[in-house]
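Enquirer: One letter stands for each residue in the lines below.
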Amino acid sequence: AAETVKIGVFEPASGDNGAGGKQETLGIQYANSVAPTVEIGGTEYNVELVVVDNESSAEKAPTAASQLVSEGVSVVLGTYGSGAAIAAAPTFEQAGVPAIGVTCTNPQVTEGNDHYFRICFLDPFQGTVLANFAADNFEAKKAYVLTKLGDDYSAGLGFYFSEAFQGLGGEVIQDTFPEGNADFTSYITTAINEGADVIFAPTSTEAAQLIIDTAASQGAEMPLLAGDTWDSNVILSAAEGKNIQVYVTTFYQEGGNEEFDSGIKEWINADSTNLANNGGNDTVAAVTAMGYDAYFTALEALKNAGSTDPAAVTEALPSTTCTGVTGAIAFDDVNGDAIRDTAYVKVANTETAQWDFVAEQGVN
Amino acid sequence: MGKKKNIIISALLLLALLAVIMILEQRLPATHIALTVLKKGCIYSLVAVSMNLLNGFTGLFSLGQAGFMLIGAYAYAVLTIPVDARASVYQYFHGGVIQFSVPVFAGLLASGILAAAFAWLIGLPVLRLKSDYLAIATLGFAEIIRAFFQWDVLGPITNGSNMLRKYPSFTSVTFPFLVCGVCIAVMVLVIHSSYGRAFKAIRDDEIAAEAMGINLAKHKRMAFCISSFFAGVGGGLLAMYQSSIQSQTFKSAMTYEILLIVVIGGLGSVTGSCIASFLFIACSEWWLRFLDVETKIGDFKVPFLRAGFRKVVFSVIIMAIVLFARKGIMGSREFSVDGICKFFKKRFGRKKEVKL
Amino acid sequence: MDFISKNLPYLLAGISVGGQYALIAIGYTMVYGILRLINFAHGDIFTVAALVLVYSSTIMPLYLSIPLTLVATVVLGLVVERVAYKPLRNAPRMSVMISAIGVSYLLQNLALYITGGLAQTYPAIPIISNTIKIGPATTKIVTVVTPVLTIVLVFALMQLINHTKIGMAMRSVANDFETSRLMGIKVDNIISMTFVIGSFLAAVGSLLYFTNYASVVPTSGAMPGLKAFVAAVFGGIGSIPGAVIGAFIIGICENIIKGLGWTTFSDAFTFALLIVILIVKPTGLFGEKATDKV
Amino acid sequence: MLKVNDLKVNYGGIEAVKGISFEVPEKSIVTLIGANGAGKSTTLRSIVSLVKPSNGKIEFLGEDITGRDTNDIVAKGITLVPEGRKIFPDLTVLENLKIGAYMRKDNLTEDLNWVYDLFPRLKERHWQAGGTLSGGEQQMLAVARALMSRPKLIMMDEPSLGLAPLIVQGIFEIIKEINKQGVTILLIEQNANMALRTADIGYVMETGNITLTGSGKELLVNEQVRAAYLGK
Amino acid sequence: MSNNVLRVNDITMQFGGVVAVDNLSLEVNEGEIVALIGPNGAGKTTAFNCITGVYEPTNGSVSFYGKQLLESHPRGKMKKMYKGENAGTYKKRLVPTPDLITKAGIARTFQNIRLFSTMTVFDNVLIAKHMRAKQNLLTATFRLNYAEEARMRKETMELLEMQNLAHLKDEIAGSLPYGLQRRLEIARALATQPKLLLLDEPAAGMNPQETQELADFIRQIRDEYQLTIFIIEHHMDLVMQISDRVYVLDFGKLLAKGTPEEVQNNPHVIEAYLGVSEEDA
Ligand SMILES: Nc1ncnc2c1ncn2[C@@H]1O[C@H](COP(=O)(O)OP(=O)(O)OP(=O)(O)O)[C@@H](O)[C@H]1O
Ligand SMILES: Nc1ncnc2c1ncn2[C@@H]1O[C@H](COP(=O)(O)OP(=O)(O)OP(=O)(O)O)[C@@H](O)[C@H]1O
Ligand SMILES: [Mg+2]
Ligand SMILES: [Mg+2]
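In order, the protein sequences belong to chains A, B, C, D and E.
Numbering of the first sequence is given in the working numbering, commencing with residue -8 and proceeding in unit increments.
Numbering of the second sequence is given in the working numbering, commencing with residue 4 and proceeding in unit increments.
Numbering of the third sequence is given in the working numbering, commencing with residue 7 and proceeding in unit increments.
Numbering of the fourth sequence is given in the working numbering, commencing with residue -6 and proceeding in unit increments.
Numbering of the fifth sequence is given in the working numbering, commencing with residue 30 and proceeding in unit increments.
Looking at chain A on its own, in the form it has when it is part of the complex (with noise of 0.2 Å):
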């Protein structure tokens, strides 16, 4: 095919979500290496990728989205972590062009933003299910909540959290900790000694390599529990051979579709970079498998506007619908967000290094 339409990845590539946003973009790329071409209005189109790095930061993700914009994307992709996503948004609006929230969970992404859809669940969708996984499976009282101070993510999905907690009679212990910090002894003796069922903490991987080791260390017998960015290999290899136990929500389930998995397991073995930016192994990351099914909506998207005109794109995504290996996907029409009711509940198996599958879970 002659003609090209061009996809913007909108990812971080440095900065706090580095990590996991390369490994959302890697599923695009493997997503566009199966689909290399769409077929809009009749004609083949060459799909191209446009890859800016926001560098997790709202104060860089204006230029990076004016860059994908001055390149001519039809629609973006992105982004992991909802800063960048919600200090991006105007410059999409005031462009005309479409964006596709992958992994970004904060509710003020799409509120009130007819631009911006999304595929995945929302915060107060996951608090809600977390808080009922706690209290349905482990009779959970008291929860410790450790949020990252400044984290907007942390201090959301925390809020929801102890909100439905307390809602089903618990008790919510509540404490931050401040950009940087490597020693979790002292949160994780202060929910000891407050006598916590349960620690969830919503943070960065960064972090939870800390505080996986720290409440291994400390003895710390409760579960812990965590949101979407914990679903990760980086968790599974802290968590390797303690006595701990990890449960995270998250969107995709590894072995949930085996052609998915091993297509991509392969894909990724035979690159070396793709191999370090997936963390040097290829376990399947949830946001990966996001990723790649947000690259399959935008070319639903595409061909159902039948244009690569970014307004046309815009028009015809509240109506678009897709089968993707998280499952189906579809917009609701007040914000676009996507219409998901159940999230999966996986356990870190520390002798395998593998997320064990515990449960679909939903709001009630």
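One thing to keep in mind: the hints can contain errors.
Calculated lysine to aspartate or glutamate pairs in the EDC-like style (CA-CA distance at most 16 Å, straight line) [what the hints assert, rightly or not]:
1) D:K79 x C:D182
2) A:K(-3) x A:E39
3) B:K169 x A:E185
4) C:K12 x A:E245
5) B:K304 x A:D262
Rather than coming from a laboratory, the hints here were simulated on the basis of the structure.
Fit chains B, C, D and E with the ligands to the supplied structure of chain A, relying on the hints for placement.
Expert: Positioned in the frame of chain A, the structure of chains B, C, D and E with the ligands alone reads:
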């Protein structure tokens, strides 16, 4: 005579620049990267000049700039979010406690005033400190301010760790250019006033300055407050530019970045700070982006190119500038028509007696 | 008893954190003392040391990779000094500092480029990474080793600086390069020496630190670097015992604050403490007042 | 002993020394006098490579030392008492003296006692930080520090600056004494009267050039010199 | 009384165990040139620093034109360590900063030259005018003080011309030769419009010829600006030539005072300070 002519020519040049920008704006799509870089560049110019006023002209080594920008940004955002949008912004805090909003310019003014007021308070204890001790104390204050703004208890005002948004922002480049231009012009006026000379005297020798009857405490505080005022306004503009803010943005890394700009531009050179700001932003966020993308020319895969390479190259460029242009691009000179003429005469004309 | 068992972990954490800060802080203080340079890159050298061990331990046994790390870090310190600071010997002080910020950027970005930004798991070093029980608290052996080692090293350093010819030369170089040269001192060698010691301590600090917190990211060194610098200022920049005492005070206070539940302000508190000290003693706890005779 | 040939030194665009040549014979006292800004200090500074000459050759004991590292030159036996004293403010008086003998490996006690005898004030204040000494005390320290290195050639840039008359006399006594002990001396002095009286050879510098040469006694009675520098 | 410009009462300055100035009292009268001499480390510069507020004296008081300028007494740790006299005499604590003292009309130069070395000669002098200008930040920024500014510049120019520095007005102060720097420092001090000028070793680094010129210059400015001058100097020719009275310090204490002749012939002074004069040697 010569001086007046210079001022006129400089003013004309500035007008021409403004015209170019307005034309660019007409020609390019509103979200073009060039325009975005221009917007950010001029905001950074303002902040860099404000830092230069302190570090370069008064010799007060302060690393609190990000803190004052944070205050400015929050002041602007908190005060200008429309009342009906507050419920959704302050979603975790039941709409917040502030239930009014002020116009844009009042908001920007408030940014500056609040930052200056904080500076005044902070200045009382810390301005007695010398050089590096002052630096670390101001850096510390910036961190403390950040922790405060993230504090849950203040959430109804600051929205805690969550972002503020939905306040009025700008879309055209002309707006930040005009605001920053006026602010920088005011700072230039200060620098060239009698007070500016006093600042420079303090920089050169505090004891001698005091012996000349210059009240150190008063003048240092003055410089600190002026600098913070404009850093605050810069913060407010940055908030507008980003259209959402979060205290996390204003980390000490931001201060270092501004300091880099100031030194690369030349300590004690206003135009140096401005030029360096644009170059810095354009380089780090625009021109070098291609380095992040794996590229194949034919079958040949260009080595090294992948995510992160841009930043490596960028840091090398910075190091090179620092090492080879020790006094920055402009040194302590200013960009002027006269200067250019002299430069060319020196380069291409016959070598006359060179004066230092 | 209950009180102790509840609070001992905070104290232990404080002491061990303090010891780690101290090792880094000494490097800051030494370089500052001699070049009047806030070596912003010091924290990153610390990170690089960790990464060197991470990567080298995958291809060789630890008893080789640990010495290799120490050597590599020292070499890195030397190279940084030669390339980024030496050419600026006569440049304004601010330029050198900017150069330091530049090096810090470069090292961080290189680390980011090489690791891809993903957290690297630090290899467990036998013996010191084992856990032990101290009374009711569990901790790693390294927690106990750190403060002891710190104090031993500091003692040795103080001896070197105050009672040897090299030490005297270091202090004179700190005052004035030119005149030191006039005394026949090889200024560049003395400065290199400082960087060797500083980087060596950073490498040792890095071993102990990451044994405790087993994950390394490109920005890992930033916070401990900043804290260590605060500690150095706290104790009076240029004073080695000051830096160490400052580091321990900061480490312990930080953890007590966390124990009290003021976690939002644990960092802010560190700075607040610093500012209070500076207001009472403008040159830090042990800082000598600059002798500026009129 | 020291031979300077066609030495030129620039500061930026300004030529401070414009091609001077002179010699310092072994075991002599040579003085360089001249008005403010004539380039005297610059000459001394370029001999020990604190500023790099743009042209010329400097020979010490027959060896070319032009542009060598300062510490190497010092190691060969030249010491400079710099203009503006330049003592180490944070080191104690005793440490300042010890650092003066940095290049030496032998026992210092004897020499310490010697300089303490010359400047009793320093002994009294041996524990005090150099920076808090009075101007004159610092000057004494600077001279004493230089003596501690037991140089072959000692170059003094205005050693009597800011010293009380009594001590000024003392300084010239010391110069004569160490000269008797075999040390060669190159002296810059504003106190031209005393300097020329003490010196074997004198050079007069004016705006970067040497304009007059002669024995100390000759210059002392030279009309031009009297008018310009002796003020009588 | 009326022509008493400066009066120093029982000033003691103690640094740790070192008593730099010990119970010093002296006075300087209107229109006089008074010299302060003494061996190195006698405490002369320290006395100047106390008068100008750079140091807070441990004990004692200073008055200027009959008005109390500063007063201090041993406090804190110093109470026990204090070695001076009159410990109980001074009760108040009045320690103005140096800028206030300059404002009151005492200007000084420094033993180690302290110019604004990166600024031009012109600006160095102009700075001194800042203090007395009628302006505030706003008027100065927006140039509403243009008349004042013009006056400052004019006066500066006049001063430079008077000092023969006008042709150097655009030179960077730090690159001037030593002697000119000293002269500029004096010009700068004069620009603060002082009534009393303190000079700390102005002739240091000058040859006899230049010293002679300086002597004339000092007399000239005294007459031209109706100044009172208090000078520290080791060049005896200069001191003997220009001063009306001389104070001699030794170990912080007053050793002698009187006319130049009296002092010159005082055996104590000869023993401690002057030595046998060159001519006799
Ligand atoms: N660092 C410098 N930068 C620029 N010019 C300088 C510098 N040092 C000295 N000069 C200039 O070089 C010339 C010679 O200075 P030098 O100090 O050698 O004179 P000098 O004979 O020692 O005078 P003095 O008797 O005042 O000490 C002077 O014109 C001076 O202004
Ligand atoms: N800040 C200080 N700390 C400790 N001692 C000091 C301090 N300042 C001065 N002194 C001591 O006080 C004494 C007096 O010093 P001062 O500078 O007043 O002497 P001076 O009379 O001006 O001598 P000179 O003629 O050499 O300049 C000296 O012995 C000096 O060492
Ligand atoms: Mg000289
Ligand atoms: Mg003195």
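Enquirer: Determine for every hint whether it applies to the structure shown.
Expert: Now for the hints, and whether the structure bears them out:
As the CA atoms of D:K79 and C:D182 are separated by approximately 8 Å, the hinted pair is consistent with the 16 Å bound. For the suggested pair A:K(-3) and A:E39, the alpha carbons sit about 5 Å apart, so the restraint of at most 16 Å is met. A C-alpha spacing of about 40 Å is found between B:K169 and A:E185, which places the hinted pair above 16 Å, so the restraint is violated. Of the supplied pair hints, the one linking C:K12 and A:E245 is violated, its CA atoms being roughly 41 Å apart against a limit of 16 Å.
This hinted pair checks out: B:K304 and A:D262 have alpha carbons roughly 13 Å apart, not beyond 16 Å.
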